[in-house]
Every structure is written in structure tokens, then in C-alpha cells.
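Undergrad: Residue-level listing of the chains:
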Amino acid sequence: QQQVKQSPQSLIVQKGGISIINCAYENTAFDYFPWYQQFPGKGPALLIAIRPDVSEKKEGRFTISFNKSAKQFSLHIMDSQPGDSATYFCAASAGNQFYFGTGTSLTVIP
Amino acid sequence: NAGVTQTPKFRILKIGQSMTLQCTQDMNHNYMYWYRQDPGMGLKLIYYSVGAGITDKGEVPNGYNVSRSTTEDFPLRLELAAPSQTSVYFCATRQGEGGYTFGSGTRLTVV
Chain A
1 QQQVKQSPQS LIVQKGGISI INCAYENTAF DYFPWYQQFP GKGPALLIAI RPDVSEKKEG
61 RFTISFNKSA KQFSLHIMDS QPGDSATYFC AASAGNQFYF GTGTSLTVIP
Chain B
1 NAGVTQTPKF RILKIGQSMT LQCTQDMNHN YMYWYRQDPG MGLKLIYYSV GAGITDKGEV
61 PNGYNVSRST TEDFPLRLEL AAPSQTSVYF CATRQGEGGY TFGSGTRLTV V
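Those protein sequences? They're chains A and B, same order as listed. Residues 1 to 110 in the numbering used here are what the first sequence lists, from first letter to last. Residues 1 to 111 in the numbering used here are what the second sequence lists, from first letter to last.
Just chain A, same shape as in the assembly (with noise of 0.2 angstroms):
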């Protein structure tokens, strides 16, 4: 039973353009729901990380949306860049464990 549903499983975007990945979860007892960026051969790294009791956090081009009714959050990357190419985990956390979304594999093209 996946805890945390990301779609889409991988995305294609121009160079400039919004890249939107969206994370849904049911367990309402989640309170941390951190993105991780990972390269090719490297272990994932905290993106950026949000708590339910805000709506948006945003940190340079990188912003979270949280619908905490909808029980949803996701991740926008403006202005993409070739080099944001990697793959993308949501994750939602309660307690000691975490868990992950399945990964986007984010793809810009120049």
C-alpha cells in the first residue's frame, strides 16, 4: 500500500518553462512533507520541505503548494533548467519514519 501517490511518473518540459509534480497522501497524522532531488548515481537530497500548517512555501524557483483539506502538495519549479533534469521524491513523514512517493524523472530540454 503506497503511503504517498506522486504523479506523473516522468515529465518533459521546455527550458523556461513550469514543472509541476503532484503528491496525494491519506494518513492525516503526516506533519513533514519534504522533496528530494536525485542525480544520476547519487542519493537523493532535500529539496525543500514544508509543515501543514502553512499553504506555500517558496525558496528561489522552487515552491510548495499544500491543500491540506484535499490532502494534497506539490512541487512547481519555474524558470526550468537543463540542469534540474533528475529525479524528483515527495515524501510525508509522522513520527521516526518516512515515506516516499514513487519519483518523477524531470527531463528539460534546452
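Just so you know, these hints were derived from the structure itself, not from any lab. Please read all numbers here as calculations on a predicted model, not as lab measurements. We put the beta carbon where it would ideally sit given N, CA and C, even for glycine. Don't take each hint at face value.
In the EDC-like style, the derived pairs of lysine to aspartate or glutamate whose C-alpha atoms are separated by at most 20 angstroms in a straight line are [stated by the list, open to error]:
#  : chain 1 : residue 1 : chain 2 : residue 2
1  : A       : Lys42     : A       : Asp84
2  : A       : Lys5      : B       : Asp38
3  : A       : Lys57     : B       : Glu97
4  : A       : Lys5      : B       : Glu59
5  : A       : Lys71     : A       : Glu26
6  : A       : Lys58     : A       : Asp31
7  : A       : Lys42     : B       : Asp38
8  : B       : Lys44     : B       : Glu59
9  : A       : Lys68     : A       : Asp31
10 : B       : Lys57     : B       : Asp38
11 : A       : Lys42     : B       : Asp26
12 : B       : Lys44     : A       : Glu26
Partner residues aside, some chain A positions facing chain B, computed with beta carbon under 10 angstroms [unchecked claim]:
#  : residue
13 : Val4
14 : Gln6
15 : Asp31
16 : Tyr36
17 : Gln38
18 : Lys42
Mind docking chain B on chain A? Use the hints.
TA: Okay, now just chain B, sitting in the frame of chain A:
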């Protein structure tokens, strides 16, 4: 500033062999985790530890064992390797309520 160090980076095992994946951290983080990553499946938690001497099972613990004798080290033991254990294994640490710091992974193939 090493962070989380995993060894080896690559390994090929024969069915039935055993091995230990090493993970060490220099950040003095209490929480340590082992995940496996399979294509299209995301990351699945194998075992985790909230401090030295304390370990607990995650989602997919069968076929694995761990120990945590020190804050720094959290080795993962595979006994009687099976093809289903072919995967990329990541160790991660966490301090407080923040996110994880991952190692660079161990790519294991069981043939």
C-alpha cells in the same frame, strides 16, 4: 565534512552469499535509516534506529539485519542473498524534525 559514507559503492553477490553494507556518519545524528530503491518503486524503509542500541523494522525487513552499537555506525547485514535483493541501498541520517541526509548508495546485484 564527510556526512554519510557508504561502502562499498558496488557489489555483485552470488545467491546464498552474505555481506555487510557499511554506513557511517560524522554528524552525531541520532536517527539512522536503511532504504532500498527499486525502479518505479521509490524508496522503501528496511530498518531504522533512533539511537545506539535501538533498532526497529521498517516496511521491508525480511532478509536483512542491522545493529547499532555506536552513534556513528549502522551496518546492514544480508544473509543468504537472493535475486530479489538486487537493488540500490541508501543509508540516511536525521536530526530532530528535519529532513534526511542520504549517503551516495550501494548498488548490489545478486546473481
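Undergrad: All the hints need checking, so say for each whether the structure fits it.
TA: Hint by hint, here is what the structure shows:
Between the alpha carbons of Lys42(A) and Asp84(A) the distance comes to roughly 14 angstroms, so the proposed pair stays at or under 20 angstroms and holds. With a C-alpha separation of about 16 angstroms, the suggested pairing of Lys5(A) with Asp38(B) holds against the 20 angstroms cut-off. Distance check on the hinted pair: Lys57(A) and Glu97(B) sit about 17 angstroms apart at the alpha-carbon level, within 20 angstroms; holds. As the CA atoms of Lys5(A) and Glu59(B) are separated by approximately 16 angstroms, the hinted pair is consistent with the 20 angstroms bound.
A threshold of 20 angstroms between alpha carbons decides the hint, and for Lys71(A) with Glu26(A) the separation of about 7 angstroms falls inside it, so the pair holds. Simply put, Lys58(A) and Asp31(A) have alpha-carbon atoms about 18 angstroms apart, close enough for the 20 angstroms limit, and the pair holds. Distance hint between Lys42(A) and Asp38(B) is fulfilled; the C-alpha atoms sit about 14 angstroms from each other, no more than 20 angstroms. This hinted pair checks out: Lys44(B) and Glu59(B) have alpha carbons roughly 6 angstroms apart, not beyond 20 angstroms.
For the hint pairing Lys68(A) with Asp31(A), the CA-to-CA distance comes to about 10 angstroms; that is within 20 angstroms, so the pair holds. Taking the CA atoms of Lys57(B) and Asp38(B), the gap is near 19 angstroms; set against the 20 angstroms cutoff, the hint holds. With a CA separation close to 19 angstroms, the supplied pair Lys42(A) and Asp26(B) stays within the 20 angstroms bound. Our distance criterion of 20 angstroms between C-alpha atoms is met by Lys44(B) and Glu26(A), whose separation comes to about 18 angstroms.
Checking Val4(A) against chain B by beta carbon gives a least distance of about 8 angstroms; that is within 10 angstroms, so the hint holds. With a cut of 10 angstroms, the hint placing Gln6(A) at the interface with chain B holds, because the nearest CB-to-CB distance is about 8 angstroms. Hint on Asp31(A) holds. Least Cβ distance to chain B is approximately 9 angstroms, under the 10 angstroms limit. About 8 angstroms separates the beta-carbon of Tyr36(A) from the nearest beta-carbon of chain B, less than 10 angstroms, and the hint is met.
Given the 10 angstroms rule on beta carbons, the hint for Gln38(A) holds: about 8 angstroms separates it from the nearest Cβ of chain B. Hint on Lys42(A) holds. Least Cβ distance to chain B is approximately 6 angstroms, under the 10 angstroms limit.
Checked against the numbered hints given earlier, this structure breaks none of them.
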